[in-house]
Every structure is written in C-alpha cells, then in structure tokens.
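Those protein sequences? They're chains G and W, same order as listed.
Each residue of the first sequence is one higher than the one before, starting from 1 at the first, in full-length UniProt numbering.
Each residue of the second sequence is one higher than the one before, starting from 1 at the first, in full-length UniProt numbering.
One or more of the hints may lead you astray.
Derived lysine-lysine pairs resembling DSS-like cross-links, with alpha carbons at most 25 Å apart [what the hints assert, rightly or not]:
(1) W:Lys224 to G:Lys290
(2) G:Lys124 to W:Lys290
(3) W:Lys172 to G:Lys125
(4) W:Lys224 to G:Lys52
(5) W:Lys224 to W:Lys161
(6) G:Lys290 to W:Lys172
(7) G:Lys125 to G:Lys224
(8) W:Lys161 to W:Lys172
(9) W:Lys224 to W:Lys195
(10) G:Lys108 to G:Lys124
Partial list, computed: chain W residues near chain G (C-beta under 7 Å) [claimed, not checked]:
(11) Lys44
(12) Pro70
(13) Tyr318
(14) Ala325
(15) Glu327
(16) Ile328
(17) Leu366
(18) Gln370
Restraint-style ranges between C-beta atoms, simulated for each label pair [claimed, not checked]:
(19) W:Gly71 to G:Lys364: 54 to 64 Å
(20) G:Val288 to W:Leu208: 30 to 40 Å
(21) W:Gly306 to G:Gly71: 28 to 38 Å
(22) W:Leu8 to G:Asp49: 35 to 45 Å
(23) W:Glu326 to G:Lys172: 35 to 45 Å
(24) G:Glu53 to W:Gly306: 48 to 58 Å
(25) W:Asp360 to G:Lys124: 37 to 47 Å
(26) G:Asp121 to W:Lys10: 48 to 58 Å
(27) G:Glu53 to W:Glu303: 40 to 50 Å
(28) W:Gly306 to G:Asp121: 44 to 54 Å
(29) G:Val288 to W:Asp88: 47 to 57 Å
(30) W:Pro152 to G:Lys124: 50 to 60 Å
Think of the hints as simulated: they come from the structure by calculation, not from any bench.
Beta carbons are placed, not taken as given, at the ideal position from N, Cα and C, and that holds for glycine.
There are 2 protein chains.
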Amino acid sequence: MTAITYELIKKDEATGARAGILHTPHGSFPTPIFMPVGTQASVKGVSPDELKELGAGVILSNTYHLFLRPGMDLVREAGGLHRFMNWDGAILTDSGGFQVFSLGDLRKITEDGVTFRSHIDGSKKFLSPEVSMEVQMALGSDIVMAFDECVPYPADYEYAKTSTERTTRWAKRCKDAMTSESQGLFGIVQGGMYKDLREKSVADLVELDFPGYAVGGLSVGEPKELMYEMLGLTVHLLPEDKPRYLMGVGTPDYLLEGVMYGIDMFDCVFPTRVARNGMAMTHEGRLVMKNAAYTRDFSVLEEGCGCYACRNGYTRAYIRHLVRAEEIFGLRLLTLHNLYFLQAFMREMREAILADAFSDFRAKFLARYQK
Amino acid sequence: MTAITYELIKKDEATGARAGILHTPHGSFPTPIFMPVGTQASVKGVSPDELKELGAGVILSNTYHLFLRPGMDLVREAGGLHRFMNWDGAILTDSGGFQVFSLGDLRKITEDGVTFRSHIDGSKKFLSPEVSMEVQMALGSDIVMAFDECVPYPADYEYAKTSTERTTRWAKRCKDAMTSESQGLFGIVQGGMYKDLREKSVADLVELDFPGYAVGGLSVGEPKELMYEMLGLTVHLLPEDKPRYLMGVGTPDYLLEGVMYGIDMFDCVFPTRVARNGMAMTHEGRLVMKNAAYTRDFSVLEEGCGCYACRNGYTRAYIRHLVRAEEIFGLRLLTLHNLYFLQAFMREMREAILADAFSDFRAKFLARYQK
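Can you make the complete structure from the sequences, with help from the hints?
Structure, rendered in structure tokens:
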C-alpha cells in the first residue's frame with residue numbers, strides 16, 4: 001500500500017486530457033489540480049482557512065528554504081509541517097534540487113550530492129538524495145520529490161546525458177532513503193531537450209516504480225514548441241495509473257496545454273507573485289490594476305467570480321486605490337482572487353473533460369483569453 | 001436630533017472613569033472604545049470582516065490621505081467611504097489638520113486655511129475648515145472632526161494663544177459648513193500646556209455645542225505628568241453627556257490612564273504598526289517575536305486569548321519564523337492579535353467600571369504589565 005494513489009476517472013481520447021482523483025493521507029482531490037506555493041511554510045499573504053475556502057486542497061512548500069530556515073529539527077519538533085503551519089490539507093515538498101541550482105551560491109556537484117552556500121547567511125550547506133529525504137521526512141509532506149538536477153537550457157548532449165543519468169541514480173538512492181510509509185515519493189523525468197535521453201529517463205524511473213512522476217526540465221527558457229514536443233513524448237511514456245506533475249507552470253494558456261497533454265498536477269508562484277505586483281487574472285486576460293482605466297471602475301475584478309474579493313463586491317476602483325497606496329489589503333484581495341481563479345479554471349477543465357468537451361472548451365477559452 | 005449621541009451608563013466616582021454607549025448612524029458601541037486606524041481606507045493588512053470579527057465597531061480614516069489619494073470625488077462617486085471600502089460599521093475621520101502639519105511640506109497658515117504641498121506628488125493643495133468639511137461630507141464618515149491646528153510642544157504662550165483662538169474660529173466655521181445631518185461634528189480642544197488657554201478653548205467650544213469633544217494637542221512630546229495634568233483639567237470641564245475622545249493614544253498604560261481620567265474614545269496606529277515590526281501586545285507586556293527565546297516556543301502569543309492567531313493555535317515559534325522570513329502572514333497574525341488584544345482590554349476596563357472595580361483593575365494590570 002502506497003501513501004499516494006491516482007484514480008483515473010475519465011480520459012479525453014481526442015487529446016489525452018485526464019480527469020481523476022489524487023488520494024493522499026490528507027484527503028482526496030480532483031485532478032487536474034493546481035497547487036498554490038507556500039515557499040516558506042506560508043502561501044504569501046493568505047491563511048490556511050482562506051486557502052481551504054477558495055478550494056485549494058494541496059499546497060507546495062520548498063525543502064531548500066525550510067532546510068535553511070527554520071531548519072528541519074524545528075519543524076520536526078513542531079510535529080511536522082502540517083502542524084507547524086496549521087494546514088490540514090495535503091502538502092507536496094520539492095526536493096531542494098531546483099533551488100540549490102537557482103538560488104545557492106558556489107555550488108559544487110559531485111556524485112554524492114551538492115555543496116552550496118545559503119542565500120540567507122552564506123553558510124556552507126550540503127544537500128544530497130539522502131539529506132533531501134531526511135528533511136522531507138522531518139517535514140512530513142504527503143508527496144515527496146526525488147532530488148534531481150534540472151538540466152539547464154541550452155545544454156549539450158553530453159552534459160544532459162551525464163546529468164540525467166546521475167539524476168536517475170539519485171532517484172534510486174532517494175527511494176532507498178525514503179522509509180516513511182505515510183509519504184509518497186515521486187520521480188522526476190529529466191533528459192534536457194533530447195528525445196532519447198527523455199525516453200531513457202522515463203524507462204529507468206518507471207522501472208523504479210514510483211507512485212507518481214514529475215516532468216522536470218521544461219519551461220526553462222526553451223521555445224514553446226520544443227517544450228510541448230518534449231512534454232508530449234514524455235507524458236506518452238508514463239504509466240496511465242500514476243499521477244503526472246508538471247512543475248512550475250501556472251498561467252492559463254500553459255495549464256490548458258499541460259492538461260491537454262495529460263498532466264494532472266501543476267504548481268507555480270505566478271498567481272501569488274503577480275498579485276503582489278498588482279495584477280488580476282481573469283478569463284479575458286490579465287488586468288494591471290494601476291491602469292488609469294480602472295480609476296472609476298466600480299465593477300468587480302471579474303463578473304460572476306466567486307472569490308472573496310468579487311463575492312463581497314470589492315471594486316476595481318478600490319483595489320486600484322489600494323495597489324497605488326501600497327496597502328497590504330490590496331495584494332491580499334488580488335492573491336485571493338488569482339488563487340480562486342486558478343482553482344475555478346481547473347474545475348472548468350475537469351468538467352469539460354468529464355463532459356467530453358475539452359477541445360471545445362480549449363478553443364473557446366483561447367478565443368476569449370488575451371495574453 | 002444629532003447623528004451622534006452618548007449614553008452614560010456608569011461613572012466610577014473614585015476616578016472619573018466612564019462606561020457608556022456611543023450611538024452612531026452605523027451602530028451603537030460600548031465605551032470606552034479603541035478605534036483601529038485605516039489611514040488610506042484600509043486598516044493595514046486586515047479585512048472589514050476580520051475587524052468586525054475581532055470586535056472593532058468604529059474605525060478611523062484620515063481625511064488628509066484620502067483628500068490627496070484617491071480624492072474626494074472618487075469616494076463620493078463610490079457612494080462614500082463605507083461603500084468604497086466595504087465597511088458597514090462606524091467611521092470617524094480626522095480633519096486633516098494634524099497631517100497637514102506633520103506630513104505636508106511648505107505649509108503656510110493664514111486665517112483662511114493652510115496651503116501645503118502633497119507628500120505624494122509635491123502638488124500644491126489647500127485645506128481649510130470649509131474644504132475639510134466638504135471632504136468629510138464626501139467621505140460620509142459618521143464622526144467628523146473640526147479642522148484645527150495642533151499646538152506643538154513646546155510652544156510659547158503667545159503662539160499657543162493665537163493658534164488656539166484661531167482653532168476656535170475654525171471650529172465655528174466647520175459647524176457652519178457641516179450641512180450633513182447624518183454626520184456628527186466633534187470640536188477639538190487645544191490650548192497647549194497652558195491651563196487658562198485650555199479652559200478658554202473648552203468654554204468656547206462647549207458654547208458651540210458639539211455632539212462630542214476631542215482633547216487635542218497632547219502626547220506631542222511633553223512629559224507624561226504634564227500630559228496627565230492637562231488631560232485632567234480639560235476633561236473635568238467637558239459636559240458629562242457628550243463623548244470625549246483622546247487622539248493618538250494606543251498603548252495599554254496610556255489607555256488605562258485615559259480611561260481613568262474619563263475619556264471614552266481612543267485611536268492609534270500603534271497596534272498595527274508594531275505588528276508590522278514583529279511585536280505582539282499582551283497583558284504581560286510586549287513580545288519581540290524575533291527574539292531567539294521564541295525559537296522553540298510552541299505556545300500561543302497569549303494563553304487564553306480569543307484572537308484568530310491564538311484561537312487557532314498559531315505558535316510563537318511559527319510566527320517568529322514568519323517574521324524572520326518576512327512573510328506577510330506573520331504581520332497579519334500579529335495585527336489581528338494586537339487589535340483583538342486592545343478590544344479585549346477595553347472590554348475588561350468597561351467591565352471593571354460597571355463592577356465598581358476600576359481602581360483595583362488598574363492596580364492589578366500595572367503590577368503585571370512590563371513596559
């Protein structure tokens with residue numbers, strides 16, 4: 001019995017889009033699902049109650065950040081991340097691999113793991129498959145990610161091959177080190193932009209039989225067409241009875257394409273980050289709230305939206321005022337709106353899949369949405 | 001019939017402390033009352049729902065700030081400040097006088113009013129009794145404050161006399177200009193630290209018969225003893241059947257003394273400002289959440305506290321982590337706690353007055369409270 005299982009409810013034969021249920025120790029959640037990001041044990045600006053109220057079931061938190069601060073011992077003493085941050089839904093933690101490469105200084109990769117300097121205080125730290133598993137067991141997340149190296153773009157074939165093979169060896173070490181039965185470990189497919197390396201990565205990981213798989217190394221600067229080509233061929237090879245997770249994707253157009261290719265899970269800081277920059281997400285596109293056009297606009301962010309801000313009648317004019325005056329409540333209203341918008345958008349896609357109407361939904365959405 | 005009335009329920013004869021009810025067009029509220037400050041049409045970080053939930057009934061908003069941004073026309077178009085910010089409790093707006101002198105640049109005072117430069121964009125602006133009333137009518141606040149000059153400390157006798165006499169003439173002009181019957185205009189006592197000027201200020205304002213009076217020009221840098229001396233003699237002269245408001249006071253020790261002297265209403269940015277700096281208010285004194293002492297402290301901010309943070313079990317260790325990591329949710333939890341703390345503290349004082357036990361309550365509180 002594994003901690004994480006996936007139940008396929010319906011597959012759209014025309015596209016490959018899937019509706020399912022993700023079962024975790026902290027609840028079962030309809031897929032496709034978007035997971036808000038709570039990097040430092042908090043989804044910026046919102047409470048766990050508010051997350052639940054807007055429909056979020058699974059959140060993501062970052063091993064790298066929590067490893068550095070407050071540290072795994074403190075979170076373990078607190079009774080794990082759920083209790084520490086007061087969230088009784090499910091939590092997915094990444095492995096720290098991505099941040100070590102994007103945030104850590106002076107990193108040095110060996111077969112053993114990665115030595116780097118903390119971006120907070122410059123102290124020397126070490127992360128490896130075993131350390132990452134130890135930290136993620138202390139955090140007690142429902143879904144644990146294998147420690148990998150995200151192959152950068154562009155990367156030459158030899159680099160991508162060496163890196164991907166090491167990521168696979170690291171995945172095996174993660175599996176051996178993960179001794180908690182209440183947590184599910186996902187493998188991460190790498191391979192850069194090379195078809196044969198992607199195929200080999202999938203084959204090796206599937207051999208290890210993880211309860212779920214992430215498609216890594218995409219949306220790292222490559223052309224959109226190349227991303228979709230790699231996504232398509234990777235997903236095609238993954239087992240149907242396991243959940244598939246595309247990391248770091250959170251704009252409506254990319255989510256739509258990801259779902260079309262058969263992805264079940266997504267996360268991204270996009271909706272919360274742009275909210276803090278005064279941007280609202282809608283079915284028609286993005287609203288830059290500072291724009292003078294909203295000065296006397298007494299309508300809500302999006303008509304018919306059920307989010308806290310729209311439901312309670314907060315107007316564009318008021319939110320514009322708050323954003324210009326740098327009032328925290330403005331970014332809170334936008335954060336609640338954007339997170340709700342994405343939850344609603346995922347529900348709409350799921351309903352379209354269940355109704356055998358995903359292609360139609362996609363065409364209509366894209367016709368209306370202004371990027 | 002005036003928009004604002006005060007009902008005296010009980011007076012503590014030993015001290016002069018009063019329990020009463022403040023009746024406004026947006027509800028009736030037990031006094032003594034602490035009013036959270038929403039300078040720019042938002043109490044920093046919290047929603048109107050949360051304010052109501054933590055027991056706040058009246059909030060303060062700043063005419064100076066709203067006059068400059070978003071401007072009175074926009075708020076009027078929005079249907080007034082209550083509708084603009086979605087708050088159906090009562091609102092008190094100050095007159096803009098204090099901010100013109102503390103924030104505006106290049107101010108020039110004449111009998112007519114004050115010319116100054118906006119601290120936002122440097123543009124030239126003019127506020128006067130008539131303009132302040134026009135703005136406050138556009139805002140539609142329940143309680144409107146007369147346009148005054150806060151006599152600085154120290155000020156020589158001649159300056160204080162000239163300024164106070166002008167403030168009285170301005171109060172008369174405010175009364176003439178305030179034509180809204182759903183708003184109550186309070187006079188503001190000035191007089192600096194001069195007994196005879198204070199007495200004259202009170203006498204002249206009482207002659208104008210306002211529905212409430214503020215004690216202005218205190219807590220401006222003078223020694224504590226001098227402040228209490230001026231407060232005592234001023235309050236003593238004010239009519240018993242009108243509410244009394246001490247502006248800009250929000251620490252427990254000052255609130256306790258203010259109530260003892262017979263003040264009914266208070267406002268201050270203190271609880272919200274220190275929350276943003278990582279400080280929690282408790283009956284034992286202030287907690288600086290960054291202190292290492294709280295690293296592994298899994299107790300709540302204050303045992304028995306009914307605020308959102310304490311009621312839901314958010315620990316000092318978690319809040320310390322959020323403050324150190326500069327997470328917005330940390331300052332939100334502290335803001336909700338501090339505002340709740342002050343609402344609870346005012347209730348406790350009121351109950352002590354009603355139980356003829358205010359002196360005892362005060363002595364016990366001061367013995368426990370570490371400044």
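Each hint tested on the structure:
1. W:Lys224 to G:Lys290: violated (45 Å)
2. G:Lys124 to W:Lys290: holds (23 Å)
3. W:Lys172 to G:Lys125: violated (70 Å)
4. W:Lys224 to G:Lys52: This hinted pair is violated, its Cα atoms lying about 48 Å apart.
5. W:Lys224 to W:Lys161: Since the Cα atoms of lysine 224 (chain W) and lysine 161 (chain W) sit roughly 22 Å apart, the hinted pair holds (cutoff 25 Å).
6. G:Lys290 to W:Lys172: This hinted pair is violated, its Cα atoms lying about 40 Å apart.
7. G:Lys125 to G:Lys224: violated (35 Å)
8. W:Lys161 to W:Lys172: Holds. Lysine 161 (chain W) to lysine 172 (chain W) sits at ~17 Å (cutoff 25 Å).
9. W:Lys224 to W:Lys195: It holds: about 16 Å lies between the C-alpha atoms, which stays within 25 Å.
10. G:Lys108 to G:Lys124: holds (11 Å)
11. Lys44: holds (6 Å)
12. Pro70: Hint on proline 70 (chain W): holds, closest Cβ of chain G at ~5 Å, below 7 Å.
13. Tyr318: At about 6 Å, which falls below the 7 Å cut-off, the nearest Cβ of chain G leaves the hint on tyrosine 318 (chain W) intact, so it holds.
14. Ala325: Holds: closest Cβ of chain G sits about 4 Å from alanine 325 (chain W), inside 7 Å.
15. Glu327: Check passed: Cβ of glutamate 327 (chain W) comes within 5 Å of chain G, closer than 7 Å.
16. Ile328: holds (4 Å)
17. Leu366: violated (34 Å)
18. Gln370: violated (27 Å)
19. W:Gly71 to G:Lys364: 54 to 64 Å: Check failed, 40 Å falls outside 54 to 64 Å.
20. G:Val288 to W:Leu208: 30 to 40 Å: Since valine 288 (chain G) and leucine 208 (chain W) have Cβ atoms about 49 Å apart, the given range 30 to 40 Å is violated.
21. W:Gly306 to G:Gly71: 28 to 38 Å: holds (32 Å)
22. W:Leu8 to G:Asp49: 35 to 45 Å: About 40 Å separates the Cβ atoms of leucine 8 (chain W) and aspartate 49 (chain G), which means 35 to 45 Å holds.
23. W:Glu326 to G:Lys172: 35 to 45 Å: 38 Å Cβ-Cβ, so the 35 to 45 Å window holds.
24. G:Glu53 to W:Gly306: 48 to 58 Å: Violated, since glutamate 53 (chain G) and glycine 306 (chain W) (Cβ atoms, about 21 Å apart) do not stay within the stated range.
25. W:Asp360 to G:Lys124: 37 to 47 Å: This hint is violated: roughly 59 Å between Cβ atoms.
26. G:Asp121 to W:Lys10: 48 to 58 Å: holds (57 Å)
27. G:Glu53 to W:Glu303: 40 to 50 Å: violated (28 Å)
28. W:Gly306 to G:Asp121: 44 to 54 Å: Given a distance of about 38 Å, which is not inside 44 to 54 Å, the answer is violated.
29. G:Val288 to W:Asp88: 47 to 57 Å: violated (30 Å)
30. W:Pro152 to G:Lys124: 50 to 60 Å: Between proline 152 (chain W) and lysine 124 (chain G), where Cβ atoms are some 55 Å apart, the hint holds.
The earlier numbered hints that this structure contradicts are 1, 3, 4, 6, 7, 17, 18, 19, 20, 24, 25, 27, 28, 29.
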